[in-house]
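Student: Using the sequences and the hints, build the whole thing.
Keeping their order, the protein sequence lines are chains E and V.
Basically this note's numbering = 1-based index in the first sequence + 440.
Basically this note's numbering = 1-based index in the second sequence + 426.
Hints are computed from structural coordinates only; laboratory data are not their basis.
Be careful, since some hints might not be right.
Keeping only pairs whose Cα atoms sit at most 25 Å apart, straight-line, the calculated PhoX-like set for lysine-lysine is [claimed, not checked]:
1) E:Lys484 x E:Lys515
2) V:Lys518 x E:Lys602
3) E:Lys515 x V:Lys437
4) V:Lys518 x V:Lys529
5) V:Lys437 x E:Lys484
6) V:Lys518 x E:Lys598
7) E:Lys602 x E:Lys515
8) E:Lys515 x E:Lys598
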Amino acid sequence: MNRTSEELLSRALAGDAAAFGALVRDQQRSVYSLALRMLADRQKAEDLAQEVFLRLYRNLSSVGSVAHLAFWLRKVTANAAIDRLRRDARYEAVPLEEADDLPSGDAANADPLLERRLRQLLQQLPPAPRAVLLLRYQDDLDPTEIARTLNMSINTVKSHLKRSLAMLRESIGETVP
Amino acid sequence: MNEDLDARLRKALRPVDPGEQFTQRVLTRVANEPKRSIPRVSKTTMRWASATLAASLVLGVLAGHEWQARRTQQGLQARRQLLEALRVTRDKLDIAYRAVNDKDGSSTEAGEHRGS
Chain E
441 MNRTSEELLS RALAGDAAAF GALVRDQQRS VYSLALRMLA DRQKAEDLAQ EVFLRLYRNL
501 SSVGSVAHLA FWLRKVTANA AIDRLRRDAR YEAVPLEEAD DLPSGDAANA DPLLERRLRQ
561 LLQQLPPAPR AVLLLRYQDD LDPTEIARTL NMSINTVKSH LKRSLAMLRE SIGETVP
Chain V
427 MNEDLDARLR KALRPVDPGE QFTQRVLTRV ANEPKRSIPR VSKTTMRWAS ATLAASLVLG
487 VLAGHEWQAR RTQQGLQARR QLLEALRVTR DKLDIAYRAV NDKDGSSTEA GEHRGS
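Tutor: The structure is reproduced here in structure tokens:
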């Protein structure tokens, strides 16, 4: 990334708490969003995101660059969320409103009902395909990056994407005229 | 339809910021963490590692010496066996030689007697 972020990382590695705080601010949007859309629960998402940053703090010396930092955070967040969902075995029963947590920045171009419906449908996916879809459409990663992040084969990623999109398309077709 | 769904998903899944309070909460938890130090090998570990390395070296040298001594011993034993075999062969050859000489001597003497 940029020089400032690399400097922040160096300072954080040297024990500068303010620099670590700035790194958290830079990355919290991505980490929290992934946790929120995976778990569909604000409190659980915040807990998980905080845990991820604590783990980052404890393992900061293993992070070599800001690019690696972003990769590390996504990997840890996605895998922690998948583990949590599998442990709780509750990914089918989620409060639908919990997932509806978007900023209203460009509401003029948005179709709130459809977006909400998409987020609801996302919660019906099992953990791994859900993580794949989120990394693709929320973090804009390509299938190769998703495969690396989730430690999956690229064919599995493509298969998850294809099936999930087919399910979404079909479900939207059923609900939106 | 594909592009449409892609665009709709990107809009529906726009990242959400948890807010400034989130950063503060993380930093509070970080402050309660034990001090992070650069991981390094402790003196005790270094001492143990040195002792282990020294012991390994001594054992290696001793094992080498032991192996060398055994090889030398085997060589000497083989040499002794060879010398013994040569000695036995030499004795047998001596006996055979003497027997042949004795026989020749008595034949010559017998011939001389017959001639006279």
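Student: Next step is simple, just say for each hint if it's right about the structure.
Tutor: Hints and how they fare:
1. E:Lys484 x E:Lys515: This hinted pair holds, its Cα atoms lying about 18 Å apart.
2. V:Lys518 x E:Lys602: Status violated; Cα separation ~95 Å.
3. E:Lys515 x V:Lys437: Status holds; Cα separation ~23 Å.
4. V:Lys518 x V:Lys529: holds (16 Å)
5. V:Lys437 x E:Lys484: With a Cα-Cα distance of about 23 Å, the restraint between Lys437 of chain V and Lys484 of chain E holds, given a limit of 25 Å.
6. V:Lys518 x E:Lys598: Distance ~90 Å between Lys518 of chain V and Lys598 of chain E Cα, so the pair is violated.
7. E:Lys602 x E:Lys515: Holds, at roughly 22 Å.
8. E:Lys515 x E:Lys598: Satisfied, since the Cα-Cα distance of roughly 18 Å is no more than 25 Å.
Taken one by one, the earlier hints fail for this structure at numbers 2, 6, listed in ascending order.
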